[in-house]
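**Q** Those sequence lines, one after another, are chains A and B. Numbers 0 to 243, taken from our numbering, label the letters of the first sequence in order. Numbers 0 to 243, taken from our numbering, label the letters of the second sequence in order.
In short, the hints are calculated from the structure, not lab data. Bear in mind the structure is a predicted one, so any value in this text is a computation, not a measurement. Check before you lean on any hint, since a few could be wrong.
Computed cross-link-like contacts, DSS-like style, restricted to lysine-lysine with a CA-CA straight-line distance of at most 27 Å [as the list claims (entries may be wrong)]:
id, chain 1, residue 1, chain 2, residue 2
1, A, Lys239, A, Lys6
2, B, Lys106, B, Lys207
3, B, Lys106, B, Lys209
4, B, Lys212, B, Lys106
5, A, Lys76, B, Lys234
6, B, Lys92, A, Lys207
7, A, Lys133, A, Lys76
8, A, Lys133, A, Lys35
9, A, Lys106, A, Lys217
10, B, Lys234, B, Lys106
11, B, Lys207, A, Lys76
12, B, Lys92, A, Lys76
13, B, Lys76, A, Lys234
14, A, Lys234, B, Lys209
15, B, Lys212, A, Lys209
16, A, Lys133, B, Lys76
17, B, Lys207, B, Lys222
18, A, Lys35, A, Lys105
19, B, Lys239, B, Lys92
20, B, Lys105, B, Lys222
21, B, Lys209, A, Lys76
22, A, Lys234, A, Lys207
23, B, Lys133, B, Lys234
24, A, Lys209, A, Lys76
25, B, Lys222, B, Lys209
26, A, Lys239, A, Lys212
27, A, Lys6, A, Lys106
Not the full set, but computed from the structure, chain B residues with beta-carbon under 10 Å of chain A [stated by the list, open to error]:
id, residue
28, Ala8
29, Ala56
30, Pro83
31, Ile86
32, Asp164
33, Thr230
Stretches of chain A that chain B covers, calculated by requiring three or more beta carbons in the stretch to come under 8 Å of a beta carbon on chain B [said to hold, decoys possible]:
id, stretch
34, 8 to 14
35, 143 to 156
36, 165 to 171
Ideal Cβ positions, reconstructed from N, Cα and C, are used throughout, including at glycine.
Protein chains: 2
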Amino acid sequence: MHRYLIKIAFDGTDYHGWQVQPNGITVQEQLQNSMKALYGFSPDVTGCSRTDAGVHAECFFCHFDLEGLIPNEGVIKGLNSVLPDDIRVLECKEVDADFHSRYCAKKKTYLYRIDRRNISDPFSCRFSYRYDGKLNVGDMNYFCSTLCGEHDFEGFSSANRSVQDTVRTVYDCHISENGNYLELFITGNGFLYNMVRIVTGTALEVGKGKIDKNIAEKIFITKDRSIAGATAPAKGLFLKLVEY
Amino acid sequence: MHRYLIKIAFDGTDYHGWQVQPNGITVQEQLQNSMKALYGFSPDVTGCSRTDAGVHAECFFCHFDLEGLIPNEGVIKGLNSVLPDDIRVLECKEVDADFHSRYCAKKKTYLYRIDRRNISDPFSCRFSYRYDGKLNVGDMNYFCSTLCGEHDFEGFSSANRSVQDTVRTVYDCHISENGNYLELFITGNGFLYNMVRIVTGTALEVGKGKIDKNIAEKIFITKDRSIAGATAPAKGLFLKLVEY
Chain A
0 MHRYLIKIAF
10 DGTDYHGWQV
20 QPNGITVQEQ
30 LQNSMKALYG
40 FSPDVTGCSR
50 TDAGVHAECF
60 FCHFDLEGLI
70 PNEGVIKGLN
80 SVLPDDIRVL
90 ECKEVDADFH
100 SRYCAKKKTY
110 LYRIDRRNIS
120 DPFSCRFSYR
130 YDGKLNVGDM
140 NYFCSTLCGE
150 HDFEGFSSAN
160 RSVQDTVRTV
170 YDCHISENGN
180 YLELFITGNG
190 FLYNMVRIVT
200 GTALEVGKGK
210 IDKNIAEKIF
220 ITKDRSIAGA
230 TAPAKGLFLK
240 LVEY
Chain B
0 MHRYLIKIAF
10 DGTDYHGWQV
20 QPNGITVQEQ
30 LQNSMKALYG
40 FSPDVTGCSR
50 TDAGVHAECF
60 FCHFDLEGLI
70 PNEGVIKGLN
80 SVLPDDIRVL
90 ECKEVDADFH
100 SRYCAKKKTY
110 LYRIDRRNIS
120 DPFSCRFSYR
130 YDGKLNVGDM
140 NYFCSTLCGE
150 HDFEGFSSAN
160 RSVQDTVRTV
170 YDCHISENGN
180 YLELFITGNG
190 FLYNMVRIVT
200 GTALEVGKGK
210 IDKNIAEKIF
220 ITKDRSIAGA
230 TAPAKGLFLK
240 LVEY
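So that you can see chain A by itself, here it is in the shape it has in the complex (with noise of 0.2 Å):
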């Protein structure tokens, strides 16, 4: 039996997030559906995450196992040869039997990507969230430093979150200005259920001054989730750098 991980791209706005689910086409089935077509039976393929939908990734990585030793260069080219044009597998190498795409990932970056423009463009529409309005990016700035270090994020997450722990270390957050767009990057060793778009949402906030800058300390102790801002809109968000 041999391993495979292999990295991957795609377009989120058209499947219900990665994981199978009744109610929609997924990024998983899409690709065990490949698999099918390629192989002749679909291996069960383990992500390093859960996005939700419409979320992209210019990287993510999924695991899989194989009976046969197919060349790395085989597997991405038969499978970019079937799957839809919005998922293309970029990369691929055989990894020890005990390795999980999921549990060994170290480190994980979200960008999240806001259009500052009055309007939007048709072309890039996809892939972020148009907003205008006045915006205190230093404040922005601010609040993005107060989530770094090892804190209780559970009121930065949603109710219907799987998990038990809560606590999660953020080693960077911070925003950059980039022509157009204005884009927070935040890299952790893990996430909860919507909590890179719930910190957006708070930071968006506080750049309109309708949330105080030093709100996040208040977060972590109350794990009030109505405290922080609104959940920001699946399509700004894309996982951007997944670290083994």
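Given the structure of chain A, go ahead and fit chain B onto it with the hints provided.
**A** Using the frame of chain A, we list chain B on its own:
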């Protein structure tokens, strides 16, 4: 009565071209439906060109008449509030009653994007045609240069065109390398049905060494569509600029 000229941009992926037709939704139809929602009736919206299904526009002009005098900014905001995200109104101005977005256009520039990567990018695959084989760009550029001037382009058009006069003037045609892309630009006083896609398909065959770089003269004389290259896929084509 007031005549308005608007500049729009659209991602043509999900549309059956510009012009209203029975078998699928079109950009013209979306605009007319939006005006119906906004103003209570649908004025005729006349476009500068009949783009094919799947073709995009960074710059497309159309005109329509309304009884009321509406501020330009109000037309832009109103239409963008009801149009889908893949069509955006960028500019609006009132023009003379005899101005016609199609007949008054003096020059149009199209861009065809060829992605040279061996794996396409899921975030831009809607907007380019991927070809990663070897291409002689010098020969392609030579072929492009031979299109310039006034010629009978009948052999570079599809049989089901609606016009009689097939003579057009090409002011410029060249290919630039731009990062991962080869970009074919063509500027002319008008274009026949599928002309830019057939020019691009022929340029690709010239680049592969399968069609002689001096083929254009022969096609102008014989008007023989069959000796030109295949019609390149719609997804790589953009209407880039319209000049009045």
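**Q** Taking each numbered hint in turn, which are not upheld by the structure, reported in ascending numerical order?
**A** Numbers 2, 3, 6, 7, 8, 12, 14, 15, 18, 24, 32, 33, 35, 36, in rising order.
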